[in-house]
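Chain by chain, the residues run as shown.
Number of protein chains: 2
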Amino acid sequence: MSSSPLKLIDCDVHVCPRSADEIKAYLEQPWKHRFSIRKNTYYKNPNPPVDKMPPGGGAAGSDPDFLRSQLIDRMGIYRAIIMTQAHLTADHDPDYSSAVATAYNSWLADTWLGEYNADGVFKGSIVINHRDPAAAAREIDRWADHPHFVQIQMDTGAMAPFGQRQYHPIFEAAERNGLPVAIHPGGESIGVNKPVWIGYPAHYTEYYTGFSFAVQSHLVSLLTEGIFERFPKLKIVIAEGGVTWLPALLWRLDQEWKGLRSEVPWVMKAPSEYVRDHVRFTTQPLERPEKDEDLIAVLDMMDAHNLLMFSSDYPESDFVSPEASLPRLPAEWDSKMLFENARQWYSL
Amino acid sequence: MSSSPLKLIDCDVHVCPRSADEIKAYLEQPWKHRFSIRKNTYYKNPNPPVDKMPPGGGAAGSDPDFLRSQLIDRMGIYRAIIMTQAHLTADHDPDYSSAVATAYNSWLADTWLGEYNADGVFKGSIVINHRDPAAAAREIDRWADHPHFVQIQMDTGAMAPFGQRQYHPIFEAAERNGLPVAIHPGGESIGVNKPVWIGYPAHYTEYYTGFSFAVQSHLVSLLTEGIFERFPKLKIVIAEGGVTWLPALLWRLDQEWKGLRSEVPWVMKAPSEYVRDHVRFTTQPLERPEKDEDLIAVLDMMDAHNLLMFSSDYPESDFVSPEASLPRLPAEWDSKMLFENARQWYSL
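Protein sequence lines, in the order shown, are assigned to chains H and G. Note that the numbering used here gives residue 18 to position 18 of the first sequence, counting from 1, and the numbers run on in steps of one. Note that the numbering used here gives residue 167 to position 167 of the second sequence, counting from 1, and the numbers run on in steps of one.
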């Protein structure tokens, strides 16, 4: 079955409907009509890998059989965790965004996570509109008992960083249902959402580099607002935001916390300690310096073998295999990063 | 004179007037009146180091004699480069901001850089309102021949990242006059300025951590917009934004450039190469992990001995001495980071 000797869980696989009509079918009026006339515009990779296009037509990631053969079977993947690219939150109307979130989840449950998924290889993320936290919490509760939804997905595109109190109902629902919350790039800098950094990026190169800023800003907010004291069982997954920025960020934040903790007394221990207990990171896109030893040195500084979970970001990346996308790692890291960390985090 | 055996240039020293009236005296109407009724509100360190308060009263950094004794003489500083904390750009009225910039520069020229500066130890930064680039260019030309103004200062607080074309007149003026441009935190997330990252930070701990994002966003914009091809003699100084994030950022950006360079054909070489030739970084606040060897390993990855220039950030930090604020560095790094890199960059 597998040409890879490694036992693998892939924590970031993107699928999409064959056409927008598949989502539209799940919408009631007036959303159905609005869905037809609105385009969820967002930055698209100008150079999508052509080898990921299904031979029978349709967008990359829209053909389950092709994805199975190209990714699951070829790599010997035990579980693939689906992230939805709904880019919901940039729309001006939060009711519309919530309706589209429900439609996406219903579509995913009926297709990739439905009868087709008899072997249970696909696991889903409950996509939510975080701009209406109460509606998002209801959406989480609606799907929490489904056997194949294993986490909640929040797009980084937002009006405010996620530590702020309006988001509490979401984390409450996540904790109540024992589901990790994945923070994944999407929808930042467009519509009602704030830019990923000072002002708006002009090019995709700049925008994609900014993904790491998007996830870092939310992570710093979660840490400084004391979210993990308020929700002590909460698990966060930082997906597709890069990895090697973590040591520099936590050195800085631990340092500021030491000097300024009287300002944030609800942060009871060094921010890096909360990260160790509450946050995991997906590997793709891993920064790849010229020298692998530089990367491994930085990974070692961040305790990467405990914090990283393998992801392919299929079909967005030029991903070929774990062996090609990762440097040669210390042998004892492999099983943890490729399999065991995710198995434990998601109870797979 | 000096208790330190090191030859030092301090690239980030903050001074301020004894009272706002000193600046007001340089303003014409209607700005003089508006200056009286407006407060330039901005985040202030909630725990300023008390030992930096002048014994004779006034704000930290307002007493030249005290600063000389506490910083210049005690540390044996050869040149101290002054950064102004005018926090100009958040105001809604760009004419007002430009007027205040001119007033600050005039005040600095008459006081710290005037007769008092007979030994030439103090060097100034021409503060500009980057929201009116033509006015900023005129301000640069006005002071460029002054013997003690050695650079231009742009606050990171902005409506757009600095690579974008509206800022060209500023870099043109910088290049024409052979003056480095320092990008220094200030004014982000307030007034008309965009937040430093997704949404507005709630606490100073979060905000200060965000300084590194502010400078990174501008740096990425400069690099992806091809500013150093357009202005091949331009020199940039990244001040008070931290340091150790650089390897991760450039690994990411070089990687994206390799894959997406067709989108930004004006970027002729890897972004990291432009950094090596056109950008320097001030040391304070240097991230200090638990293990000095981790810091030194990351500094080595970023070629720090060529890119870093010592700064105290007096009087904002708990800075005591270079020996206390930096780890024990390889001996051959010391003279470059503490003195030679800045001497060359500023032709001191």
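Hints in this document: simulated from the structure, not taken from any laboratory. Heads up, a few of these hints could be off.
Calculated cross-link-like contacts (lysine to aspartate or glutamate; reagent style DMTMM-like; alpha-carbon spacing at most 25 Å) [to be verified]:
(1) K269(H) - E290(G)
(2) K258(H) - E293(G)
(3) K291(G) - E229(G)
(4) K258(G) - D51(H)
(5) K258(G) - D254(H)
(6) K258(H) - D132(G)
(7) K258(G) - D292(H)
(8) K291(H) - E175(G)
(9) K291(G) - D51(H)
A partial selection of chain H residues facing chain G, derived with a Cβ cut-off under 8 Å [claimed, not checked]:
(10) S62
(11) G191
(12) P247
(13) E273
(14) A297
All figures in this text were calculated on a predicted structure; none of them were measured in a lab. Backbone N, C-alpha and C define an ideal beta-carbon position, used for all residues, glycine too.
_Restraint: S62(H) near chain G, CB-CB cut 8 Å. Satisfied or not?_
At about 23 Å, which exceeds the 8 Å cut-off, the nearest Cβ of chain G leaves the hint on S62(H) violated.
*Are the Cα positions of K258(G) and D292(H) separated by 25 Å at most?*
Roughly 17 Å separates the two Cα atoms, so the pair holds.
_Hint check: K291(G) vs D51(H), CA-CA at most 25 Å. Holds or violated?_
Violated - the C-alpha atoms of D51(H) and K291(G) are around 45 Å apart, more than 25 Å.
*Given the hint that K258(G) pairs with D51(H), test it: the Cα-Cα distance must not exceed 25 Å.*
19 Å, holds
*Pairwise hint evaluation, D132(G) against K258(H), where the allowed Cα distance is 25 Å at most*: The given pair, whose Cα atoms are some 39 Å apart, is violated under the 25 Å limit.
*asked:* Just to be careful, I want the Cα atoms of K291(G) and E229(G) compared with a cutoff of 25 Å; is the pair within it?
replied: Measuring from Cα to Cα gives roughly 39 Å; hence the hint is violated.
*Regarding the hint that E273(H) lies at the interface with chain G, is the smallest CB-CB distance below 8 Å?*
12 Å, violated
*Is K269(H) close enough to E290(G), meaning Cα to Cα at most 25 Å?*
Roughly 15 Å between the alpha carbons, so the hint for K269(H) and E290(G) holds.
_Evaluation of the interface hint that places P247(H) against chain G, nearest CB under 8 Å_ = Result: holds, 7 Å to nearest chain G Cβ.
*Given the hinted pair K258(H) and E293(G), is their alpha-carbon gap at most 25 Å?*
21 Å, holds
*Minimum Cβ distance from G191(H) to chain G below 8 Å?*
At about 13 Å, which exceeds the 8 Å cut-off, the nearest Cβ of chain G leaves the hint on G191(H) violated.
*asked:* With the threshold set at 25 Å, check whether the alpha-carbon distance from K258(G) to D254(H) stays at or below it.
replied: Given that 25 Å is the threshold and the Cα spacing comes to 34 Å, the pair is violated.
Violated hints, in rising order: 3, 5, 6, 8, 9, 10, 11, 13; the structure is consistent with all others.
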